[in-house]
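Protein chains in written order, with our numbering: chain R, 1 to 156; chain C, 1 to 499.
Derived from the structure by calculation, the hints contain no laboratory data.
A couple of the hints might just be wrong.
Claimed, not checked - Derived pair list, reagent style BS3-like, types lysine-lysine, alpha-carbon separation capped at 30 Å:
no. : chain 1 : residue 1 : chain 2 : residue 2
1   : C       : Lys165    : R       : Lys130
2   : C       : Lys354    : R       : Lys73
3   : C       : Lys373    : C       : Lys236
4   : R       : Lys59     : C       : Lys37
5   : R       : Lys110    : C       : Lys443
6   : R       : Lys110    : C       : Lys165
7   : C       : Lys354    : C       : Lys236
8   : C       : Lys165    : C       : Lys435
9   : C       : Lys354    : R       : Lys59
10  : R       : Lys59     : C       : Lys373
11  : C       : Lys427    : C       : Lys373
12  : R       : Lys73     : C       : Lys373
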Amino acid sequence: MKINFDTQTLEINPSGDQYVAAMDGKTVSVQIIRAEDGRMDLLIDGQRVNAHVSSDMAKRWVTIDGHTIMLTKTSGAKQGVRHDHAGGLIAPMPGQVRSVSVSVGDVVKKGQTLLTMEAMKMEIRIQALKDGRVTALHAAQGQTVEREQILIEVEE
Amino acid sequence: MFNKILIANRGEIAIRIIRACRELGIKTVAVYSEADKNAQHVQLADESILLGDAAPKESYLNVDKLIRAALDSKADAIHPGYGFLSENASFAAAVDSAHLTFIGPSADSIRAMGDKAESKILMKQSGVPTVPGFEGLTSDDEFKKAAKEIGYPVLIKASAGGGGKGMRVVNAESELSEAIESARREALNSFGDENLLIEKYLADAHHIEFQVFGDKHGNLVHLFERECSVQRRHQKIIEETPSPLLTPELREQMGLAAVAAAKAVNYYNAGTIEFIFDPLLSTFYFLEMNTRLQVEHPITELTAGIDLVQWQIRIAAGEKFPFTQNDFHQHGHAIECRVYAEDPSNGFLPSTGKLLQFLEPRGPGIRVDSGFKTGSDVNHFYDPLLAKLIVHAANRETAIQRMQTALREFIVHGVVTNIDFMQAVLKHEDFAQGKVSTPWVEKNLELGGLLPEQDIPSFENLIAAALADVVFVGAKAQPAVSNETDPFNPWKQTKNYRN
Numbered sequence: 001m002k003i004n005f006d007t008q009t010l011e012i013n014p015s016g017d018q019y020v021a022a023m024d025g026k027t028v029s030v031q032i033i034r035a036e037d038g039r040m041d042l043l044i045d046g047q048r049v050n051a052h053v054s055s056d057m058a059k060r061w062v063t064i065d066g067h068t069i070m071l072t073k074t075s076g077a078k079q080g081v082r083h084d085h086a087g088g089l090i091a092p093m094p095g096q097v098r099s100v101s102v103s104v105g106d107v108v109k110k111g112q113t114l115l116t117m118e119a120m121k122m123e124i125r126i127q128a129l130k131d132g133r134v135t136a137l138h139a140a141q142g143q144t145v146e147r148e149q150i151l152i153e154v155e156e
Numbered sequence: 001m002f003n004k005i006l007i008a009n010r011g012e013i014a015i016r017i018i019r020a021c022r023e024l025g026i027k028t029v030a031v032y033s034e035a036d037k038n039a040q041h042v043q044l045a046d047e048s049i050l051l052g053d054a055a056p057k058e059s060y061l062n063v064d065k066l067i068r069a070a071l072d073s074k075a076d077a078i079h080p081g082y083g084f085l086s087e088n089a090s091f092a093a094a095v096d097s098a099h100l101t102f103i104g105p106s107a108d109s110i111r112a113m114g115d116k117a118e119s120k121i122l123m124k125q126s127g128v129p130t131v132p133g134f135e136g137l138t139s140d141d142e143f144k145k146a147a148k149e150i151g152y153p154v155l156i157k158a159s160a161g162g163g164g165k166g167m168r169v170v171n172a173e174s175e176l177s178e179a180i181e182s183a184r185r186e187a188l189n190s191f192g193d194e195n196l197l198i199e200k201y202l203a204d205a206h207h208i209e210f211q212v213f214g215d216k217h218g219n220l221v222h223l224f225e226r227e228c229s230v231q232r233r234h235q236k237i238i239e240e241t242p243s244p245l246l247t248p249e250l251r252e253q254m255g256l257a258a259v260a261a262a263k264a265v266n267y268y269n270a271g272t273i274e275f276i277f278d279p280l281l282s283t284f285y286f287l288e289m290n291t292r293l294q295v296e297h298p299i300t301e302l303t304a305g306i307d308l309v310q311w312q313i314r315i316a317a318g319e320k321f322p323f324t325q326n327d328f329h330q331h332g333h334a335i336e337c338r339v340y341a342e343d344p345s346n347g348f349l350p351s352t353g354k355l356l357q358f359l360e361p362r363g364p365g366i367r368v369d370s371g372f373k374t375g376s377d378v379n380h381f382y383d384p385l386l387a388k389l390i391v392h393a394a395n396r397e398t399a400i401q402r403m404q405t406a407l408r409e410f411i412v413h414g415v416v417t418n419i420d421f422m423q424a425v426l427k428h429e430d431f432a433q434g435k436v437s438t439p440w441v442e443k444n445l446e447l448g449g450l451l452p453e454q455d456i457p458s459f460e461n462l463i464a465a466a467l468a469d470v471v472f473v474g475a476k477a478q479p480a481v482s483n484e485t486d487p488f489n490p491w492k493q494t495k496n497y498r499n
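Could you build all of it, start to finish, from the sequences and the hints given here?
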């Protein structure tokens, strides 16, 4: 079966009591030595690999040799391409909207602060990237937002 | 001694204080906000009281609610921890007025050190070296004259300031007026006080601080230094003691200055004198005093051999500090790494979420002060500190190796952390040579090398991630033996497991 993570595609299939994994023309054999409580000990082409792995919806967290990486499982079509938010301003971090200083229809100048948000004692100002008009507001004061959520849309 | 202490804080420091109380046979009252209902400090305390909403001013910053909670629970003292109300003189005074004991210095000491201009004047009078500069200036012309005398670059900062707010570096006279105006505005907005002071800007300085400790009977000692120069956005990331820069002579001079500074405000309990250290001239200047327990206190505890939190409590109860300066020596080397829920590749912005795995390292000389475990929520309301990882070893080299090993074993899934970033700092040649000054992180981020250019997952990462679905998700959904038809099920391969 094929599995897509972000922009990479891995093919992995069972073969006897092992697995065969292939990516970018390279094929390896994988044997699971032990798997419990989020920890996985593997033999990959005879090389021992100890990994910690967690899953949260589409996200996978993997730590090997003390280095942690986060992967997002995608359906093959998307290939993990990020949305181009066009005129939409996105939240750079998860947090709470502290104040919204514009309304729909307002004319705004490049660099003008449209909204402030706060997380973990840090305050961030969301500023207009260009001159334009506010066409949509997706956040209100006090609202909790996720990272990369669209907050405000501005059109030229 | 006290019967019961209310801890006006949360997270790892609340837990640290609960443990000290337990060792002293004192009962504890935890306070918490709606967001911290399931927090560890609430579970570990003998009693707990809900303060209110998650927002700090409805909970951990709410003086009235905290005093009410202490009186209702019949606590006889309040430990403020660090942050929140720990350096708030009015809170200390309110605790006294309620006939409770504030575990910290007097409200007067906090007030005297709270104003940057006033404390600087006081330090000059007490013979403590301060950064060349002027206080109490108002007109642009006065500032211009002062700047010329000091020599550019100069630093303008708010008298009432802190946390880098109302602070401006000025490189030339042409930038001065604008810097004064904007610093004034920011100071007024943040602190309700527009007074500024001006001083020489030391571009490549180190931050070296001294722990002081005193009782209410006039005994006061210092417990050596902490080198805290690895910082980003004025926030410390890695601290160590001893400082690789100090000679025994300098250490003695700075220690004496620290004690003099604390005595000038009749200080008792735990406090920290922060110095700016110029490595080229080997000169040091008083920066400010933190009138509370410091985040990085554990490295002092390990090297000086003293439980600072226990002694804070005993001093507050009126006990005499039985030690003199000569009783203290530095043993070995200690380092602290602050594991933050933040993403170095995204401008160190906070990362929130549920901790899917949180495995703390163990071993000789390793201490972890944390308030989280697997399953805990990391929310956006409070500080991003997940844990303090502290190591102690015979010397600096082995302490660094021990820290690298411990960080490698620290598994945090569910939020992005700065662990890889700290590993990059620890293995940097500049760190090995003790050459890291306070602007170092920002400079090296620009140069690259501290962050991976592109974090492309390896083949091994992808294989482990792909197998997770079949191994763990499958295992959770169904008992191992019943899933025989699933070709991916590894549980049927038990006979092949190696031990």
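Status of each hint after checking the structure:
1. C:Lys165 - R:Lys130: holds, 28 Å
2. C:Lys354 - R:Lys73: holds, 18 Å
3. C:Lys373 - C:Lys236: holds, 23 Å
4. R:Lys59 - C:Lys37: Roughly 27 Å between the alpha carbons, so the hint for lysine 59 (chain R) and lysine 37 (chain C) holds.
5. R:Lys110 - C:Lys443: holds, 28 Å
6. R:Lys110 - C:Lys165: holds, 25 Å
7. C:Lys354 - C:Lys236: holds, 25 Å
8. C:Lys165 - C:Lys435: This hinted pair holds, its Cα atoms lying about 27 Å apart.
9. C:Lys354 - R:Lys59: holds, 12 Å
10. R:Lys59 - C:Lys373: holds, 20 Å
11. C:Lys427 - C:Lys373: holds, 28 Å
12. R:Lys73 - C:Lys373: holds, 26 Å
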